[in-house]
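The residues making up each chain are set out below.
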Amino acid sequence: MNVCIKIFRHDPASDEQGRFVEYDVPFEEGMSVLDAVNYVSNYIDTSLSVRWNCKAARCGSCAAEIDNIPKLMCKTKITSDSVTVGPMRAFPLVKDLVTDITSNYDKLRSIKPFTPGKAQSGVWRMNEDDVVRSQEFRKCIECYLCMDVCHVMRLHNTNYVGPRHVIKAASIDMHPLDSLDRSVELKEKHGLGYCNVTKCCQDVCPEKIQITDNAIIPEKERAADAIYDPIIRLIRKIRGVK
Amino acid sequence: MDYERVESDVLVLGAGGAGLRAALEARERGASVIVVSKSLLGKAHTVMAEGGIAASVANVDSKDNWKVHFSDTIVEGAYLGDWEMVEMLVKEAPERVYELERFGALFDRTPDGKIMQRAFGAHTYRRLCHVGDKTGLEIIRTLEDRILHMDVKVMDEVVVTKIFTEKGSVSGALGLSIREGKFIVFSCKSLIIATGGAGRLFLVTSNSWETNGDGMSLAYMAGIPLQDMEMVQFHPTGMVHPSDAKGILVTESVRGEGGILLNSKGERFMLKYSPERKELDARDVVARAIHKEITEGRGTKHGGVYLDISHMGRAFILKKLPGMYDQFMSFAGIDITKDMMEVAPTVHYFMGGIKVDPSTSATSVDGIFASGEVAAGVHGANRLGGNSLADILVFGKRAGKYAAEYAHKAAHKTINNSDIIDSIGDVTKYLNQKGENPNPLMDRLRKEMSTHMGIIRDEDGLKTALHNIREIRSKAAYIGVSGTPKFNQGLISCIELANMSVLAECMVLSALERKESRGAHTRSDYPSKSRAFKGHMICGNKNGKPVLSFEPVRPMPARLARLVKEEVYV
Ligand SMILES: Cc1cc2nc3c(=O)[nH]c(=O)nc-3n(C[C@H](O)[C@H](O)[C@H](O)COP(=O)(O)OP(=O)(O)OC[C@H]3O[C@@H](n4cnc5c(N)ncnc54)[C@H](O)[C@@H]3O)c2cc1C
Ligand code: SF4
Ligand code: SF4
Ligand code: FES
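Sequences listed follow chains A and B, in order. Start counting at 1 in the first sequence, then tack on 19, and there's your number in my numbering. Start counting at 1 in the second sequence, then tack on 913, and there's your number in my numbering.
A hint or two may mislead.
Incomplete in silico selection of chain B near chain A, CB under 10 Å [to be verified]:
no., residue
1, K1047
2, R1059
3, D1157
4, K1178
5, G1179
6, A1228
7, D1248
8, T1250
9, K1251
10, D1252
11, N1352
12, Q1402
13, G1403
14, L1404
Read the hints as simulated data drawn from the structure, not as lab findings. Quick reminder that beta carbons are idealized off the backbone N, C-alpha and C, glycines included.
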């Protein structure tokens, strides 16, 4: 049995427009979309551009739009006799299935790094319960599927940093020993206000991180508290609730 | 063909744990640093590490200390590990872990709030500091964060194809920017190779795409000898089913947290092979046991054995092994809180690699250093789980220090223009439509390695492999692909095939020469360990031809020898 895989081909350096090209690939039980794409790039057209690395859903390299839904190619099984694969549309195209995601590194740079309070000396102690909240966000494999699906990101005309970077900030904010607060900056500098909590991002996250519920909403609330209700904030700080 | 030129004091090849830790160190010591990586920053093979990092911080078992860790590492490395490197590893690992914590990493905690540690194969005590089963990801993110907020230039998706030397010392390197399809000439005073292992030389491996052994081959081509290349670790438990999941690692933590191995008759066979340590014996022992069960007909229908953790309960499994739960759910449709997993050995780690000076990580070429999986020496004939993450941080930092110190005293050397042109030509020659597709040849090479360089080896098989590898090498002269240099997967395959075939030959030659069974190297024709082979196979490059020599293990000083039970030969 063969699978018909339609792959987006486009080299912006030489082609005016991209197009979907059909390839027939022999089907194997348990085949992933990445397997099929690699079959094409290994044996049919070696110039096909595709980015992957771990093939185990751990590195976040192989993000693409599969039948128009943002997914990891290595984690998506082929379940019918045809499938369409295109690049993420929220990022500039490099070639074929590969996009330029380097802007994300600048965004990561713009988030203040972990800054422990000065009182920390000797062996650090933290409660498992406090650590778990931040650990959820640290499962992020930087696939940027959440950014791809977000309608605000696709508009390209706001300064919103995007869901990945909000959880990055949240992962440090919720570190039990971090001494800063990044919520106001998220709102004022990073356009968090543009997010209207549609939750599409958390629906596509392969790590099932509750991006909107556990990071975006709490950061929005904290920013609101800080801006409109400095007293509550002060009390929280004194009580040690971050 | 045009090229861009960039310059730094220190050039780091690789953005895995070793490369990033080295870059950090070199920068903090005042050197200007460029990091080059074949994959995107943050996606290096290290992100896949699961179980944890071995450090005798003794948070869980108070009796643990560096001496026990030292003894465990030497004994399980079948007495081939270099004592000086092992001593540094076990003494410095705790500080590297605490330092990560100070950089912002969040490890799992003990009830009294300290860093949690778990049991792992052949570690006497519970020693692996961990973050669920995503320890490597946390390490990479923590270092990535640090690097992004420092003045270090990262050039990712650049594949380095050549190291330039000038009169016996380093002058720079040539890279191809994959994203842009342009060549880059790096000029540097010192260079650190931290390009990781070579698992993809085999058909079934837990490793990522980028682990083709490029760095070992680059070093070899620059005249640096390779060491212990026959020592390949087979991890006992990789997925076997379905086809797309074949080889993906099933972390040792599953056994560390209580998982048991069963054959198709339902027997817990490790009771037979290792009554005391059972599932948690060293990797080579468990891998051979599984291999034996399968070859003797007690395997599952997909060619594995069963691994069961369901008795530990759903809540426990979801907290301690979330990645495994997810992996089996999405790749195999199996709920490990209820059902058994099917597993078989998978190629996992290279104990061998670039020969380095134990105390400085320097290689035989002035100004070139190597650290991480690409370097040999620490793990001897078998690596303990968790020791690699310790290795990449301990020796990453060390290489960074010594490379920076070297750079402070050295000057930039001019890179010969004709060398540059020739080296670019070595890559662009593959852009030849009439050439043969490299991928089927690469498949053949992998098949050779899996068939003859597997868990059990013998002279006939190895000789066949050698013959076939040489044939593949001669065919590789005719490979070529169409298209432009930009993000051309086929072009990368051509570059990699050349590297892989060089290494494959060194590996098989070393395996042929080691006429004994020790650690991960098992010869059915020489089933026991031999005193005559207590040493390293060194594969040097003499005018392009591999030449083997043997170097005995350096004797341990008495203060350390006291800590380790004496090696026995039967
Ligand atoms: C699934 C899995 C689980 C593991 N779990 C554990 C564990 O729990 N504990 C433990 O201690 N160890 C574990 N290991 C082993 C450990 O992860 C690796 O040995 C270690 O991460 C290697 O790190 P490194 O920095 O040396 O190299 P890598 O992380 O492999 O990095 C190599 C870098 O070099 C770059 N590179 C390669 N070739 C080139 C080139 N030609 N040009 C430019 N750049 C290049 C790559 O892009 C990459 O950035 C595990 C391994 C696997 C596969
Ligand atoms: S919840 Fe916010 S970040 Fe997520 S997709 Fe919707 S708008 Fe974008
Ligand atoms: S939050 Fe989830 S979807 Fe977004 S980048 Fe991280 S892993 Fe990917
Ligand atoms: S290849 Fe790493 S996530 Fe798919």
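Hints, one by one, checked against the model:
1. K1047: Holds, because the Cβ-Cβ distance from B/K1047 to chain A comes to roughly 6 Å (cut-off 10 Å).
2. R1059: The hint holds - B/R1059 has a Cβ within 10 Å of chain A, the shortest such distance being about 7 Å.
3. D1157: Holds, about 4 Å.
4. K1178: Given a least distance of 26 Å, the restraint on B/K1178 is violated.
5. G1179: This interface hint is violated because 26 Å lies over the 10 Å limit.
6. A1228: 13 Å, violated
7. D1248: 15 Å, violated
8. T1250: Where the cut-off is 10 Å and the nearest Cβ of chain A is about 16 Å from B/T1250, the hint is violated.
9. K1251: 19 Å, violated
10. D1252: 16 Å, violated
11. N1352: Constraint on B/N1352 satisfied, holds at 4 Å.
12. Q1402: 5 Å, holds
13. G1403: 3 Å, holds
14. L1404: 8 Å, holds
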